[in-house]
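> Protein sequences, first through last, are from chains A, B, C, D, E, F, G and H.
Each residue of the first sequence is one higher than the one before, counting from 1 in this note's numbering.
Each residue of the second sequence is one higher than the one before, counting from 1001 in this note's numbering.
Each residue of the third sequence is one higher than the one before, counting from 2001 in this note's numbering.
Each residue of the fourth sequence is one higher than the one before, counting from 3001 in this note's numbering.
Each residue of the fifth sequence is one higher than the one before, counting from 4001 in this note's numbering.
Each residue of the sixth sequence is one higher than the one before, counting from 5001 in this note's numbering.
Each residue of the seventh sequence is one higher than the one before, counting from 6001 in this note's numbering.
Each residue of the eighth sequence is one higher than the one before, counting from 7001 in this note's numbering.
Hints in this document: simulated from the structure, not taken from any laboratory.
Derived DSSO-like pairs: lysine-lysine, alpha-carbon spacing no greater than 27 Å straight-line:
#1 K1087(B) x K87(A)
#2 K5020(F) x K5087(F)
#3 K7020(H) x K7087(H)
#4 K2087(C) x K3087(D)
#5 K3020(D) x K3087(D)
#6 K2087(C) x K2020(C)
#7 K20(A) x K87(A)
#8 K1020(B) x K1087(B)
#9 K4020(E) x K4087(E)
#10 K5087(F) x K7087(H)
#11 K6087(G) x K4087(E)
#12 K6087(G) x K6020(G)
Okay, the calculated beta carbon distance ranges per label pair:
#13 S6112(G) x G5027(F): 42 to 50 Å
#14 A1041(B) x D7029(H): 46 to 54 Å
#15 R2104(C) x E5018(F): 41 to 49 Å
Because the structure is a prediction, the values reported are computed rather than measured.
Note that the Cβ used here is the ideal one computed from N, Cα and C, for glycine as well.
8 protein chains.
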Amino acid sequence: MSYTVYLSGEIHSQWREEIKQGIQVLGLDILVLSPVTDHDASDAAGDVLGEEADNFWRDHKSSKVNLIRTQHMIDRADLAVIRFGDKYRQWNAAFDAGYCAALRTPYITLHSDELIHPLKEVDASAMAWAQTTDQVISLLQYILQD
Amino acid sequence: MSYTVYLSGEIHSQWREEIKQGIQVLGLDILVLSPVTDHDASDAAGDVLGEEADNFWRDHKSSKVNLIRTQHMIDRADLAVIRFGDKYRQWNAAFDAGYCAALRTPYITLHSDELIHPLKEVDASAMAWAQTTDQVISLLQYILQD
Amino acid sequence: MSYTVYLSGEIHSQWREEIKQGIQVLGLDILVLSPVTDHDASDAAGDVLGEEADNFWRDHKSSKVNLIRTQHMIDRADLAVIRFGDKYRQWNAAFDAGYCAALRTPYITLHSDELIHPLKEVDASAMAWAQTTDQVISLLQYILQD
Amino acid sequence: MSYTVYLSGEIHSQWREEIKQGIQVLGLDILVLSPVTDHDASDAAGDVLGEEADNFWRDHKSSKVNLIRTQHMIDRADLAVIRFGDKYRQWNAAFDAGYCAALRTPYITLHSDELIHPLKEVDASAMAWAQTTDQVISLLQYILQD
Amino acid sequence: MSYTVYLSGEIHSQWREEIKQGIQVLGLDILVLSPVTDHDASDAAGDVLGEEADNFWRDHKSSKVNLIRTQHMIDRADLAVIRFGDKYRQWNAAFDAGYCAALRTPYITLHSDELIHPLKEVDASAMAWAQTTDQVISLLQYILQD
Amino acid sequence: MSYTVYLSGEIHSQWREEIKQGIQVLGLDILVLSPVTDHDASDAAGDVLGEEADNFWRDHKSSKVNLIRTQHMIDRADLAVIRFGDKYRQWNAAFDAGYCAALRTPYITLHSDELIHPLKEVDASAMAWAQTTDQVISLLQYILQD
Amino acid sequence: MSYTVYLSGEIHSQWREEIKQGIQVLGLDILVLSPVTDHDASDAAGDVLGEEADNFWRDHKSSKVNLIRTQHMIDRADLAVIRFGDKYRQWNAAFDAGYCAALRTPYITLHSDELIHPLKEVDASAMAWAQTTDQVISLLQYILQD
Amino acid sequence: MSYTVYLSGEIHSQWREEIKQGIQVLGLDILVLSPVTDHDASDAAGDVLGEEADNFWRDHKSSKVNLIRTQHMIDRADLAVIRFGDKYRQWNAAFDAGYCAALRTPYITLHSDELIHPLKEVDASAMAWAQTTDQVISLLQYILQD
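For reference, chain A alone in the conformation it holds in the complex (with noise of 0.2 Å):
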């Protein structure tokens, strides 16, 4: 069975080459999709449109052309797979949950145990919550076999 998962989440470590690698090791089926993660490219996706002078338009120009992107992979994701880290606000994650949510994609929330009670209503709406990029890759593995 083909299978398509989205990782979406925090971009400033390494979980999503750690599940590329599992997946690749185990020899699963799965088409892996990703937002941009090259954080200033992001930010100057839209720049080519034209400067602006204010920084909202600037950031809602960018947005929107990600937005291209990312809900095109939500749409066709069989899955997805969102990462909180500890710092920044990483709002936009939380907003790809709703996302999902609303649409029926499945998705699993991944994150440390100190996040529990803030990521609360996200992992209510989930259809796991996993600790390790190990656990995430065990899943699929699990929820794949012939």
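Mind docking chains B, C, D, E, F, G and H on chain A? Use the hints.
Relative to the frame of chain A, chains B, C, D, E, F, G and H by itself:
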């Protein structure tokens, strides 16, 4: 034209009361819906179903009980106002925004300009960004005029 | 906030009356809907359309007539409460749960802890699991508070 | 015409193998999907995410992990075959039937005539009732002919 | 429980009046909706928009004006009753049945047993087949009982 | 039968008043909805949220505020009447038509025969083309008759 | 652009073969789908599930088995061609048209001009009316050109 | 990631060729879809179905044939680019934009800054506004990067 507005997000300031008062002063025909804003009551929403030794499951049960209320409210809302304050993670507010975006429920964000950059994805799908409750009230008045 | 609750499942105990009474005592603004709970009348729902020699078709006709009523009720319900007792197969109750899950109508299960294992898939998509009608009434009171 | 069939329900008999063999003998272009049918593995699907002291939560976690697999399979199936045996409660099979009914995924039930009355609501929304795997295979052959 | 029923099909007999009278006698809370049943007025529905030399376009314009009314009525109906008489082609009635089937609006067919074979596909998606208006009235009474 | 009609398009003539007057004279039970038709107020709808140096963003903010009103109105309308005059680009009217077509909200176009060719795609998805407000009023009277 | 066309309706003439041949001659990339056109086999589609004493139920079972095939085909079709001949009631063809209309699957009708008036509602929701298979083939060629 | 883009709007300049060439030069995996851009052929799309004396009906027939092609293309597109030139009414382009907005198909507008004000509603629902085909190509390259 009757209208229903859901007020999502921050529970530690008086923004909901300000909006309700503005609606009343202007005599707008708006049903205002809110989550349970008593923090302790909200955290204990699932306790009546039995105690939990594990914090994760206590939060899980309470969050789901709260979701019965809040997702019903979003589903019947014509518009959501989503407030982000300067404290706490407020991932539930960003989750609500993503949920609205996927369901095509229009929403307005309400936050200070210090939060522009971390909220850029949330604002990109919003119909408006307001900084004060007076602005929100003015928009409601404009939208509902004859 | 007006609210509609559908009570699905077991018809051989007084749980529906208990919930209705609790709602009345608390003065909650809830429209309560139920299937036809007279077992013989329900089995005979299609007889007016002509007798059937074959039991399969008699059941088939009656079930469809009952589905006109019950699926309409689920479609307009804001919440379903699905009761599993200790007797009979009660596949219709599990069927209603799956139907709710697919339509995103939130539901609460109501059953004793002896049924945890066989009902695990049904509970996994539920918003809450209650063991007593008092718990259900408390949840309704919480959900509908101002 | 390529075609995908999901086989839901009973895991303690050889009915899935019989259907797969029939498909193979006839050379039908059908992708057959199934839940994880190893009972112990299925019950333990969530254990990799951490042990649970409470049976309810162990079942809850495992059921959700299984739902990632099974609801994905139902979502991509063109047809479901739902098998009820004479043992166990099998509420998950009836849950799948209700889920299919709401999503308009056509399904065939497979059960003996002793179960006609308790399954009447499930059969009322089915496209066919079969008593043997040979009948199911014949239907598939008919449906997929040129 | 308030309820809306759409009466589709044959316009050359008194079946609509019989059902309305039965509803009135029983005091059922049902809003009954019907297409324009004056044949000549219906054929001329589009004439106000300008005369047409070509019959195809006259019919086309009138049919679309009628569709504004009838599809709106089906969209708000909880149940449709679709009547087939012994005269005329009545393709519009079968069209309404297919439209209901796709939208999951339940419908009851009303026709004599001489039409069983040509209506088999239409009946296969119906919730019931009635032969008399008395049967329809009995079903409505059953469905709407407290 | 109560009914809601949304009047989209041209704001520089009296066509809305004519239709409202016709509805009133005939005593039809229709709720009439309209965009804000004060051109300057509409262009300034977003100004309360802060001034913009760039015209694109001023228009952007105001248009989104207006969309909160107009898309809500289309979403609750049973029928839209879309008026094209001889002046201006009126791309918002054609946009509303496409929006209605995708949502299956029936619409009537109202324009002179000089606009037949440029409006052919818009008319192709319309339920009727009227040239005068009297024709629109006649259609409403026909559609809503008992 | 690959494309799928479903051919619905009349089974007693060669129109399907003519369209398939035209597609082949032009080398169009079209997957053509059809119901089972062997009348006797179609009527007997459900017999493998057990004999029925009552004609209504024999027809009922067979029609549902056929619906598994035909509704799947309509669901995956990009376009339907619906043929009405001069004989028989052909209510199944009109039913398919209504089903397509509700699902927004575009369809072309194919019938002689003698059937204009009885088919006016069916034609009103069609994208085109053709009188010959050559016209259908020309439309397919036009639609699929580079 | 494979991707499908629909190019809507102006047919009297070379913008489609520029975008296709840019895609080819960059080796992007994009299927590009377009309406029939031969103006005369497009106006005559329905002529094969029979001549029309009345221009309205000739346009009507041709537009519907073209809609079979274009709405199918929008339905399968992951992104639309909608071009407005300085000539003609181009209501079909604005119609496509509204259609995309309602279906949540993301779209980019492509027009000069002289059209900002009349296109403000169309731009308000767009994901980006580009002024040159080079900008569109850059966005596609960004969106589809690994």
